[in-house]
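> Residue-level listing of the chains:
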Amino acid sequence: MLEALWNNVDYVASVVLFCIGLYIIIAKNNLIKKFLGLNIMETAVFSFIIALGVIDGGDAPIMGAGAHAPFSSPVPQALVLTGIVVAVSTTALALSLIIRIYRQCGTIEADELREME
Amino acid sequence: MKKAFVAALLILTAMPLLIGVAALPPHGDPDTPVHTHISARYLEEGREEAGADNIVTGVLLNYRGLDTAGEVTVIFTALMAGLAVLISHKKQPEGDAAYDAAEAAAEDAPVRAPVSPVVSFVVRLLAPFIALFAVYVIVNGHVTPGGGFQGGAILGALFIALTIVLGRERTRTLMPRLAQPWMQGAALLTFVGVGIVGGALTGYFLGFPADASLHLARKLMMLVLEAGIGLGGAAVFATLFLQMEAE
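So the protein lines, in turn, are chains A and B. Per the numbering used here, residue 1 is the first one in the first sequence, and the count goes up by one each step. Per the numbering used here, residue 1001 is the first one in the second sequence, and the count goes up by one each step.
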């Protein structure tokens, strides 16, 4: 088990990053910090998917002078580019909502908002 | 109590993930399904078939063009939703009058926080180079790492930096009122336009002509798509920032 984990230490790093993001979402009170946590979780997933496509000694999947086989897989990279754009969109919408909440309630602390109800 | 609960939850999340990760094939192994299925074909034939040296761009704009069109729709929807959330609190008559009033209010807004002269100087100094870099990233997306989304993000960041340093009155001239909706929808409109052109050439919406003699047409379609995505992305970022900054 430990040896397998050591072989896949890149994936383990993604798991650690994912848990850091989850911790921030649960433990922090500030809505902006919560969304930073969500962004960290997204980054963890993206780095995991990218790491899946890496090949030992592989080159970037860009043909042209100096490129040599083997190439890393282009599909995860294209998928992650899509994912990043969606993540940016959700972040923009979330920040807009947070600004709105602040204008309406004067605070962005989750516990204070809960008390206001 | 709460800390113990959080710790337990994190452990409960991490354990299955770690067990799953340990069971995956070793990192960098060339015989995993990621490398043996569709990627191999993309890497072998993508260059001629899709018309881009950068296979990632080829996958993004050619093989999965519809996917990317959907993605562009997502950004545009996020912009619409963000604007709806931020504007709706102003209780003013609808239509252009509301827009004018909002703009007038923004112009009358109290003075901004002063900007450090060092920051101001550096941003002014670097702005043309950043703009050049953004354009380079956009138009070279098919031969080097980069593309419309990346270049658009750089352009948008440049716009935000300039707005912070110069103030919104001066940067607003970069996005004239009449051109604004077209710029915000540029990515989507380009996809529709190129899709129809592709449809006329191949019979499929967003189809790229596969014929070897139409190599240049494929390149041109990609370039137009990249430029549209870049411009649209930058305009979306800029608009959202302006709207968030307007108090």
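Hints are supplied without guarantee of correctness; some may be wrong.
As the list claims (entries may be wrong) - Where chain A lies over chain B, by a calculated footprint (3+ residues, C-beta under 8 Å):
| # | stretch |
| --- | --- |
| 1 | 1009-1016 |
| 2 | 1031-1041 |
| 3 | 1060-1073 |
| 4 | 1134-1146 |
| 5 | 1196-1208 |
As the list claims (entries may be wrong) - Listed below are the simulated DMTMM-like cross-link pairs for lysine to aspartate or glutamate, each with C-alpha atoms no more than 25 Å apart in a straight line:
| # | chain 1 | residue 1 | chain 2 | residue 2 |
| --- | --- | --- | --- | --- |
| 6 | B | K1002 | A | E117 |
| 7 | B | K1219 | B | E1049 |
| 8 | A | K34 | B | E1045 |
| 9 | B | K1003 | A | E112 |
| 10 | B | K1219 | A | E109 |
| 11 | B | K1219 | B | D1031 |
| 12 | B | K1003 | A | D59 |
| 13 | B | K1002 | A | E115 |
No lab work stands behind these hints: they were computed from the structure. Beta carbons: idealized from backbone N, C-alpha and C, even for Gly.
> Identify every previously stated hint that the structure contradicts and give their numbers, smallest first.
5, 8, 10, 11 and 12
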